[in-house]
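Engineer: These protein sequence lines map, in sequence, to chains Y and S.
Be aware that the first sequence starts at 2, since it is given in the working numbering, and climbs by one per residue.
Be aware that the second sequence starts at 278, since it is given in the working numbering, and climbs by one per residue.
In short, the hints are calculated from the structure, not lab data.
Source: prediction; values computed, not measured.
Cβ atoms here follow ideal geometry from the backbone N, Cα and C, with glycine treated the same way.
It cannot be assumed that every hint is accurate.
Stated by the list, open to error - So, partial list: chain S residues that the calculated Cβ filter (under 7 Å) puts toward chain Y:
#: 1; residue: A308
#: 2; residue: A360
#: 3; residue: W434
#: 4; residue: A611
#: 5; residue: A615
#: 6; residue: M617
#: 7; residue: L628
#: 8; residue: R638
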Amino acid sequence: MTNKTKAMIWAIVATVVFIVSGWLMLRGATSSVTFPLNTLSPHGVKADYIQTLTYWVFGIAAVVFLLVEVAIIWMVVRFRAEDSDEEGQNEPRQVHGITSLEIGWTIVPAVILAGLAVLNVNTILKMEDASADAIEVEVIGQQWWWEFRYDTNGDGEVDIITANQLVMPADHDVNLKIQSNDVIHSFWIPTLNGKKDAVPGRTHPLVLQSYEPGVFEGQCTEFCGLSHGVMRMQVKSLPEAEYEDWLDIMTTNPDDPSDADQIAGQELFVQQCTGCHQINGISPGDEDPAYTPIPDPDYGATVGSALSAQNAPNLTHLMMRDTFAGSLLALYDEPASPEVMNPGIPNTNNLKRWLRNPEEVKPMDPENGQGMPNMGLSEEQIDQLVAYLITLK
Amino acid sequence: MTVVSERTPLALPGGEPSAQNHLGVFTRPTATQGWKSWFTTVDHKKIGIMYGAAALFFFLVGGLEALLIRTQLAIPGSDLLSAELYNQIFTMHAVTMVFLVVMPLAAAFANYLLPLQIGARDVAFPRMNALSLWIWLLGAIFFNSSWLLGGGADGGWFAYAPNSGVAFSPSHGMDFYAVGLLIMGIASTVSAVNLTVTVLNLRTPGMTLMRMPVFTWMTFIVQVLLVFALPVITVALFLLMFDRLFGATFFDASKGGDPFLWEHLFWIFGHPEVYIMILPAFGVVSEVIPVFSRKPIFGYPFMVGSGIAIGFMGWGVWAHHMFASGMGEISVLAFSLATMFIAVPTGVKILNWCATMYGGRLRFTTAMLFSVGLVAMFTIGGLSGVSHAVAPADTQQTDTYYIVAHFHYVLFGGAVLGLFSGIYFWYPKMFGMFLGETLGKWHFWLMMIGFNLTFGPMHMLGLQGMMRRTWTYSDGYGFNTWNLVATIGAFTLAVSVTIFLVNIWASYRAHKRNPVNPGPDPWDARSLEWMIPSPTPEYNFDETVVVEEFDEFWHRKYGHDEDGRLVRIAPTEEVAQHGGATGIHLPSPSYWPLVMAVGFPLVGYGLIFNLWWALPGALLMLVAIYGWVMEPPDAPSDHHDDLEGPDPVDSTGEPAELTSGEAQASAESDDAEEADSSEFTTEEAPVG
């Protein structure tokens, strides 16, 4: 076989292998087995814009990849020196360059990129568009959980403060105002939109929208210290009517604790937890705790003051969420679903595990003010606290 | 000596007059052989070799860190490493690979080859060259000593504020990061200035800029980038150091500072840094591929021009690291467009290498394999780069494993493969022996397999949403399989690196048993360094080479027929120099670079632990500066044994015939004495 034939065979085989494996990979990445953070399975309009653009880029890149790599393989076989070659035989022609060719392959990629640039600019300019009736939610990143603040009636006062799970109506634009309370974090729900950093002292916009109701996973993607890898969040997108129900529940008081364990738990909460955690209306040292519908937005550290991390999630409607501890642990035995409240049974084991020693569940440094300390609670106290906490809905 | 009149421009005053008038307190060391000579050497070749050896050592350190990372991530929920330790390890891995491996390995080649490729005797400022080596090496050791003093840096190599601040990273790790990088930055700045001056002023007659080898060109561009990029990171590191050590608030938003300041400063340095790391490897490939294709580099002006274009455009794209940072639509637009178009000059390079191979007679030595490997792998890194030049796509990809895949295809598939190619290619020139080809090919193929197994799957992981810098991951995200594959790949890489080390050892043993000198030109190569014996004589060239065209050495060996095909016109032995020149005046060794360098880590420890401790370091530096200045220009015994009598010197100390435009003016600096004596000598040892 001559080098020429061999080179053709190699080139054809390589082309087939590249195309098949590329197709398999893309299929793998987008197949129906959708993993929660998959960047190639959009469920919202912004993620769709990105996906369209990404496929254009991938398509062009695939063609270039194929051309260059196959050319290299072809040349490597075609122009390999024969062992029998001696100096003076088969010496290559000394080509120093072909200017027209080089100008050509400077201009052609530039033109292709210019085409791509048009798509790119178009998409960039669409990313921050939101409808006039968009809901506004403040998003505050902190080590290592997310807080969400809603002003439901537009009076400029915060009406709802919750954590880790952002609830929004389906098929409705939501304007996020992303901020940080300590270090830089990044808010990312890959199925709905790209990511946006939460930077101390700044407020960054991001628009979310989901076509259908659903629960969409997210992950902090700017390195933010010890528990960065498990700083998760969820977006729960509800049908419009159920979203209204959710708002109603979140702006009313939870039921007062009734049995002895629950009341003891509430007392414990007032003594041990109110230094950092807020339940609307309850203050440290309360003799006779009474809920209020409106949270105190200044509770804990104030937003924007970097280098202090003493703020902890508002727990007023804890059980309206599906997860806790930076969305690491499940609150119910049922997975999150697009319903106002999880229909499952509270996962008291997870709550107890967390209260026993939070540092065992996820890496934190409470001595340095980062994360929840071990409160040194007895098993009885833990039971009482959990009994109280699961009344918070 | 027929062309001596052309060379008299090189005849600047030697060390003779001042050697008689020196202050006499500090005599210079004289040894040029033996282990002690390595500590006082100012020889660019020895310095280059030390850069290379130290960089390879740190390559093993960084590689070990990488293996720990991959072992931890092999399975979900692994608790081999704590999050705290993992954060230190990935930070140290990155800083080590960037500042302690790729940059110094490139510096090794730059130091060793640059003077040879432009036909010079040494760099412009030989003592400064030694200084930059020692400062860098001691800075690197200082930086790694943090492992023993409370833990490594844990804020990521990008060290975003305020997470890198003392409130969130209370250990001393980030102090070592700030001060260590400052120290190494001084080394790089000194070296960059030195090499820039060398290229501009010490080219041999006839070596115009557009006749310089592409490696020299790329290295030159890198030095210019360094000269401008390092001040930016220096400022950033100073601010960080003041924030951490002295309670400043440059990055504290609650006190009017701004974390964005750090991000911008870091990436204004950080992006040119990418090109600082990759362009030397591009240079290596541009030397290797023509040699083993038996063809000139295709489109030399385009190769040089695209390098320069990358150098310029590299300054206008830094904020593409910040597309998700929230810097605003217009900034995103501008930087996204700029970044897309930097793909053009890079693409030109890839296509020109391909065109160089086209129609050639390709010999697949290990060096060539690594170079072709770079072209194939860098293409992948370049293409994934375009996919996040497009800003909206980047907001999905950034800070995921997709980015990790991308920059490893660029830095490992680019820089590291290129530098390995260079090691195999220039090893005979540096050490007078070959690296084994059989083991070399095992090294190459295992490295290619291991590399693609490690970093290929990371594209998939990133697209499936796996975030970077996480010490663990959970079941159910689809991360398990590809992570395991990547870990297997990492250990394959470790095997290939082991084979490389074995190859060094085995080649040395084989050479001991049966010494075969590779001769001046083992690869039938093209540039000036192949004109002189291997290993390179201490004085480099027997006589100054007068260059008439690009690829001068090649064209002395080969012409071409009317068909453009290669025709031998002279045997290599006739064209090459034979060594054995005597009486060539070289810069004398010196103690002071090392003494001065020792002061830097001492001051560093002082800054971190107790300011008083900085005093001895500062004093040492002061003493070294005095020693440096007072030191006589020559060792007492090292006189010119000038056959033609004293140099023609006029009353101003200028040589009588400093006229030719080709010979560049003498370097003016405190080191000019050395530069003069090293570079412009009248002695021409008779050849043959």
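Engineer: Look at each hint and say if it fits the structure.
Structural biologist: Hints and how they fare:
1. A308: 43 Å, violated
2. A360: 4 Å, holds
3. W434: 10 Å, violated
4. A611: 10 Å, violated
5. A615: 10 Å, violated
6. M617: 5 Å, holds
7. L628: 5 Å, holds
8. R638: Given a least distance of 5 Å, the restraint on R638 (chain S) holds.
Hints 1, 3, 4, 5 from the earlier list are contradicted by this structure; the remaining hints agree with it.
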